[in-house]
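Going down the list, the sequences are from chains B and H.
Residues -14 to 152, numbered by the working numbering, are exactly what the first sequence covers, in order.
Residues 3 to 268, numbered by the working numbering, are exactly what the second sequence covers, in order.
Keep in mind the hints are simulated off the structure, nothing from the lab.
Do not rely on the hints blindly, as some may be mistaken.
List time: in silico BS3-like cross-link candidates among lysine-lysine, alpha-carbon distance up to 25 Å [what the hints assert, rightly or not]: (1) Lys(-5)/B - Lys72/H; (2) Lys69/B - Lys39/B; (3) Lys26/B - Lys72/H; (4) Lys102/H - Lys72/H; (5) Lys(-5)/B - Lys39/B; (6) Lys(-13)/B - Lys26/B; (7) Lys(-5)/B - Lys222/H; (8) Lys71/H - Lys102/H; (9) Lys89/H - Lys102/H; (10) Lys26/B - Lys222/H; (11) Lys133/B - Lys26/B; (12) Lys(-13)/B - Lys132/B.
A quick note: this is a predicted structure, and the numbers were derived from the prediction, not measured.
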Amino acid sequence: MKIDVRMSRKLVLEIRQDLARPHPFAFERVGFLACKVAEIKPRSVLVLPFRYLKVEDQDYLNDVGVGAMMGPAAIRKALQFAYKNSVAMFHVHMHDHYGRPWFSDIDLRETNNFIPDFWHVRPTFPHGALILSRDSLSGLCWMPGRKKPLRISNFNIVGFPMTFIRE
Amino acid sequence: MTDWLLRQSFLGANSDEMFSHCRVAVIGLGGGGSHIVQQLAHLGVGNFVLFDPDHVEETNLNRLVGATKKDVARATPKTTVSRRLIKGINPNAQVLRVPKEWQEDGGLVPGCDVVFGCVDTYIAREEIERLCRRFMIPFIDIGMEVTDLRDGYLISGQMILSMPNDLCMRCLGFLNEELLAQEAARYGAAGGRPQVIWPNGILASAAVGTFVQLVTPWRKDMKPAIYLEYDGNTQTLLPSNRLQHLVGRQCTHCSGSTDLGDPFWQ
Chain B
-14 MKIDVRMSRK LVLEIRQDLA RPHPFAFERV GFLACKVAEI KPRSVLVLPF RYLKVEDQDY
46 LNDVGVGAMM GPAAIRKALQ FAYKNSVAMF HVHMHDHYGR PWFSDIDLRE TNNFIPDFWH
106 VRPTFPHGAL ILSRDSLSGL CWMPGRKKPL RISNFNIVGF PMTFIRE
Chain H
3 MTDWLLRQSF LGANSDEMFS HCRVAVIGLG GGGSHIVQQL AHLGVGNFVL FDPDHVEETN
63 LNRLVGATKK DVARATPKTT VSRRLIKGIN PNAQVLRVPK EWQEDGGLVP GCDVVFGCVD
123 TYIAREEIER LCRRFMIPFI DIGMEVTDLR DGYLISGQMI LSMPNDLCMR CLGFLNEELL
183 AQEAARYGAA GGRPQVIWPN GILASAAVGT FVQLVTPWRK DMKPAIYLEY DGNTQTLLPS
243 NRLQHLVGRQ CTHCSGSTDL GDPFWQ
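Next up, chain B with everything else stripped away, as it sits in the complex (with noise of 0.2 Å):
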């Protein structure tokens, strides 16, 4: 199965403009963005993120031995997004440097921890993370009741220009 993002130039903008943004004491900024699905024939699932939620100022843990830590409110709040809105649920950060970014192990281990909270709520929705850098995207997906994620193998940027990044 592969795994496809397609998303508009205007909200990477929108990501990328609150993620840069300094936070009073962690190192950096999450989010999440709300998806729509698709299937794409033969064996495909196009994600189409729509919306940028924001974790709030206060909604940071106080954590030093990482870059960004959720507390309890912030992933809440997503799974209630989640809930009343039918959506699909992607955790999203930026690494500071250009090419193309990947998942440190921590982000890969916490990333683990909270997907199946999202299949509580939408258990019939993929979820998964998006890691950005200044230039570039990845993600992972993890389809219902897999374990394992998927690397996401196409992002389509739609805008002016599109922006096309494969595996």
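Given chain B, put chain H in place with the hints provided.
Okay, now just chain H, sitting in the frame of chain B:
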């Protein structure tokens, strides 16, 4: 850069790779669609999904690029003619033929990066635009018309780029309820409409130029044309006057996020 695409290297160092991975749908392979397919093949576009339920008829030969007398005799599907045309230029291209109405295999469209619409009716245009918006796909529409003015004829046409989250064909004033209702009332009575090759060629070229501006602009500050109007009598293709009244407007017809994705994925 691939050898046969060297002359278009100004489009970007990796433009050949970008085109080869690009997946486009072309809906309607008549006078307009066959031109578009040919030009996209020359550009090096590597993946095609071609929709058209019809086969070649005698009356198509005045404008169907790639069709021959033999195709008329054999009743060759138009998708086969286009596939032959593409493969003759770029044997590595992947071509998926769908010789039926696009709605019958609509699940193939969401996987495409750009959709070209070369259909005859306003209703079909709106239907394709709605589908493209649901899956956030840029939609490039072309069409031409010959109108009887009693003392002569007017050839006219349009090229519209409908971007997701931007102005739709209703916003642009190209589609409206009255027009759609009139067309629905005429359903089945249209008969063979007048069509000629050169306006289709001009509009197809504008559509392909818009596609290239969209995916690999050769100037950083470039923005593709949104709505071009063709006047075949004066041989002009100009941005629609309507655009100046729409600066800063947002689409009020398409509801955005609630209409995204598969409606039954709950």
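Hint by hint, here is what the structure shows:
| no. | hint | in the structure |
| --- | --- | --- |
| 1 | Lys(-5)/B - Lys72/H | violated (50 Å) |
| 2 | Lys69/B - Lys39/B | holds (17 Å) |
| 3 | Lys26/B - Lys72/H | violated (34 Å) |
| 4 | Lys102/H - Lys72/H | holds (21 Å) |
| 5 | Lys(-5)/B - Lys39/B | holds (15 Å) |
| 6 | Lys(-13)/B - Lys26/B | holds (10 Å) |
| 7 | Lys(-5)/B - Lys222/H | holds (17 Å) |
| 8 | Lys71/H - Lys102/H | holds (22 Å) |
| 9 | Lys89/H - Lys102/H | holds (21 Å) |
| 10 | Lys26/B - Lys222/H | violated (34 Å) |
| 11 | Lys133/B - Lys26/B | holds (22 Å) |
| 12 | Lys(-13)/B - Lys132/B | holds (16 Å) |
Violated hints, listed in ascending order, are 1, 3, 10; each of the other numbered hints is respected by the structure.
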